Amino acid sequence: MSQLSATDSAGFPSLTATKRGFPFTGDQLLALAARGAGAVVLLMLLSLLTVLIHATWPAIKTYGTQFVTTSEWRPNELQVPKRNDAGKIVFDEDGEMVQTTLPAKFGALAVIWGTAVSSVIALVIAVPLALGAALFLIRIAPGKLRGPVSFLIEFLAAVPSIAYGIWGLFVLVPLLQKYIEPSILSIASHVPVVGERFHHFLGGDTGLSGRDMLCGGLLLGIMILPIITAVSRDVLAAVPVQQIEGTLALGATWWQSARQMLGYAKAGLFGAVMLGLARAAGETMAVTMVIGNNNQIALSPLKPAQTMSSLLANEFGNPESDLHRSALIAVALILLVMSLSFNVVARYLVIGRGPRRAS
Amino acid sequence: MIADRADRSLHDRLTRGASAVAYTLSIGFTVVILVTLLCVVGYLFTLGFSSLSLGFFTHLPTGAAQGDVGGMKHAVLGTLILIALASIVGIPLGLLTGIYLSEYDTGSKLATPIRFICDVLAGVPSIVVGILGYELLVRPLGHYNGYAGALALAFIMIPIVARTTEEMLRLVPGNYREASIGLGATKAETILQVIMPAATGSLVTGIMLAIARVAGETAPLLFTALGSRLLSTDPNEPMPSLTVQIFTYATGPSPDQQKLAWAGILVLIGLIFVLNLAIRFAASRRVGSKR
Chain A
1 MSQLSATDSA GFPSLTATKR GFPFTGDQLL ALAARGAGAV VLLMLLSLLT VLIHATWPAI
61 KTYGTQFVTT SEWRPNELQV PKRNDAGKIV FDEDGEMVQT TLPAKFGALA VIWGTAVSSV
121 IALVIAVPLA LGAALFLIRI APGKLRGPVS FLIEFLAAVP SIAYGIWGLF VLVPLLQKYI
181 EPSILSIASH VPVVGERFHH FLGGDTGLSG RDMLCGGLLL GIMILPIITA VSRDVLAAVP
241 VQQIEGTLAL GATWWQSARQ MLGYAKAGLF GAVMLGLARA AGETMAVTMV IGNNNQIALS
301 PLKPAQTMSS LLANEFGNPE SDLHRSALIA VALILLVMSL SFNVVARYLV IGRGPRRAS
Chain B
360 MIADRADRSL HDRLTRGASA VAYTLSIGFT VVILVTLLCV VGYLFTLGFS SLSLGFFTHL
420 PTGAAQGDVG GMKHAVLGTL ILIALASIVG IPLGLLTGIY LSEYDTGSKL ATPIRFICDV
480 LAGVPSIVVG ILGYELLVRP LGHYNGYAGA LALAFIMIPI VARTTEEMLR LVPGNYREAS
540 IGLGATKAET ILQVIMPAAT GSLVTGIMLA IARVAGETAP LLFTALGSRL LSTDPNEPMP
600 SLTVQIFTYA TGPSPDQQKL AWAGILVLIG LIFVLNLAIR FAASRRVGSK R
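Keeping their order, the protein sequence lines are chains A and B.
355 is the number that the working numbering gives to position 355 of the first sequence; each next residue is one higher, with no gaps.
Each number in the working numbering comes from the position in the second sequence (counting from 1) with 359 added on.
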């Protein structure tokens, strides 16, 4: 920075004055540093991809496409009674069961399922609410209210996921376990004809823990409300005012005009939803705390589940073997590719349709 | 004729009715969102205030699970060190990338993909960033360490700082640049002495935004800095952090440690609230909004 204080003949501070023997002028130096930083960003993405793909390789080599088509996830070897071709348990001469060892097995379908279902539940809850609120902010809210409400929503988007997780663990989980889920079950069992089966399907016989797919999806929905609201508000704000005035001049009601507005901005709104989806799919801490962490596909939303990110949070710290770690990194890679593609679509759709957001 | 008119008035009434319902729903949904989210924050604030004490900042964990469990001095310090380390790497790189995108090669074949990559990198799930940190700095070194955590946090900071910097620099009117070049200044002088000072407030916004974001991150630290019950100032060792410590305590069985976790959450949310207020203040003074 000492060069900054040097002045040239005209008395202007100058960066062109080079120190003796120093190969670059300040001008070249800044250009170099800026280009270097650009290259670093490029390098960040490349290293992310190469490191993950490299570390995933053993798992891909072992399982191939089975990795994403099977749901069995068993980090340890398992001792089971040996069965013959007819499915009967084999006994040795002393009448003891013959044990065989099943090797460790890794299939990611259950966690892919968990991520997909919990994200869909989150979107079903968040999207209508967020769009309603975005319409409110643009079309109804008086100017004085718009600022504070917007600030509040932006602040809530910045609240860390661990905070939502703690709230979920201490408030949402007991609430679901004690009040909401028992009433869902009792309604289910009163359905004529299929009531008992429905009750059984939902998991009423095994007891409710409150930590399940429903809880995870619900909490995710709450967490992505602020971001979807904020982005859709920006997208709606970019709709040309003539569009709205035109509909009103033709005598449209508030809702007819609002629908025109939503239709005009639908690509951008879809982008906002994709951003929310990317957030929900990649969200880790809160989900880990409330989803129950059970690595199986359960169709009932009242049973514990596991998402890709919660699996990573639970198991990556103490892998049982190198293959286990490699399989976990494969899950991370799938998660990465998924959320990258959601993000790419979202950015493509939101770009140029409103004031850009920082994150 | 009469039937037709009745039809039309029925249709009319239905349309108006639907509109009124939608209007009410729009207000109702906003109320639902705000009430839910305020419930979340209000609950955390109430619990936090009842368990926060000065000892939180000045005491170390006693190691006891019940009774006097101590404070989180180590975690506060650890978080500060991690953020400082991440900032040393992340802020200059982010600023320079922003400068590159806004002032050099704008719209060129190289800048467009880099801009896009920045956007995309901002959406990488933070747990995946943690795994990258593990593979790059934990596995080769053979032990968990603070540097890996700081690296993961820097990875998250760079795209945020870069994109806000670019946008804020773009808001500086073009005639500032022309005037500066016209007076004989070089490009570097123009950038460092004219454009950056004009946008200082908004550049600070981007930096605070990035700090607020990484201060609350837990997932990238789980497999890098790991966390620790001890006071540690050596980044080559496992480093405690507020978020990981909160996670450990909150999911643990001890009610006394859970209280400490609530106090920790309050401190964290309080910090982020203050940063957000500061961002709003700084953003209201940006160059572009004066026009």
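Do not take every clue at face value.
To be verified - Label-pair restraints from in silico Cβ distances:
id: 1; chain 1: B; residue 1: V390; chain 2: A; residue 2: A237; range: 17 to 25 Å
id: 2; chain 1: B; residue 1: T607; chain 2: A; residue 2: F91; range: 31 to 39 Å
id: 3; chain 1: B; residue 1: F408; chain 2: A; residue 2: S189; range: 39 to 47 Å
id: 4; chain 1: B; residue 1: A443; chain 2: A; residue 2: A237; range: 36 to 44 Å
id: 5; chain 1: A; residue 1: A237; chain 2: B; residue 2: L542; range: 36 to 44 Å
id: 6; chain 1: B; residue 1: I540; chain 2: A; residue 2: A249; range: 20 to 28 Å
id: 7; chain 1: B; residue 1: E537; chain 2: A; residue 2: F270; range: 36 to 44 Å
id: 8; chain 1: B; residue 1: R639; chain 2: A; residue 2: A267; range: 25 to 33 Å
id: 9; chain 1: B; residue 1: V390; chain 2: A; residue 2: A267; range: 23 to 31 Å
id: 10; chain 1: A; residue 1: A237; chain 2: B; residue 2: D371; range: 41 to 49 Å
id: 11; chain 1: B; residue 1: F640; chain 2: A; residue 2: P142; range: 16 to 24 Å
id: 12; chain 1: A; residue 1: L78; chain 2: B; residue 2: A443; range: 16 to 24 Å
Said to hold, decoys possible - Quick partial rundown of chain B residues pointing at chain A, CB under 8 Å, derived from the structure:
id: 13; residue: S385
id: 14; residue: I392
id: 15; residue: V394
id: 16; residue: D478
id: 17; residue: V553
id: 18; residue: M555
id: 19; residue: F606
It should be emphasised that the hints constitute simulated quantities derived from the structure, not laboratory data.
Because the structure is a prediction, the values reported are computed rather than measured.
The C-beta atom is built at its ideal place from N, Cα and C for all residues, glycine as well.
Hint-by-hint comparison with the structure:
1. B:V390 - A:A237: 17 to 25 Å: Holds: the Cβ-Cβ distance is about 21 Å, inside 17 to 25 Å.
2. B:T607 - A:F91: 31 to 39 Å: violated (48 Å)
3. B:F408 - A:S189: 39 to 47 Å: holds (43 Å)
4. B:A443 - A:A237: 36 to 44 Å: holds (37 Å)
5. A:A237 - B:L542: 36 to 44 Å: holds (38 Å)
6. B:I540 - A:A249: 20 to 28 Å: violated (48 Å)
7. B:E537 - A:F270: 36 to 44 Å: holds (40 Å)
8. B:R639 - A:A267: 25 to 33 Å: holds (29 Å)
9. B:V390 - A:A267: 23 to 31 Å: holds (28 Å)
10. A:A237 - B:D371: 41 to 49 Å: Since A237 of chain A and D371 of chain B have Cβ atoms about 31 Å apart, the given range 41 to 49 Å is violated.
11. B:F640 - A:P142: 16 to 24 Å: Given about 23 Å between the Cβ atoms, the range holds.
12. A:L78 - B:A443: 16 to 24 Å: violated (47 Å)
13. S385: S385 of chain B check passes; min Cβ-Cβ to chain A is 5 Å, inside 8 Å.
14. I392: holds (5 Å)
15. V394: violated (11 Å)
16. D478: Holds: closest Cβ of chain A sits about 5 Å from D478 of chain B, inside 8 Å.
17. V553: Violated - the Cβ of V553 of chain B stays beyond 8 Å from chain A, reaching only about 11 Å at its closest.
18. M555: With Cβ-Cβ at 11 Å, over 8 Å, it is violated.
19. F606: holds (6 Å)
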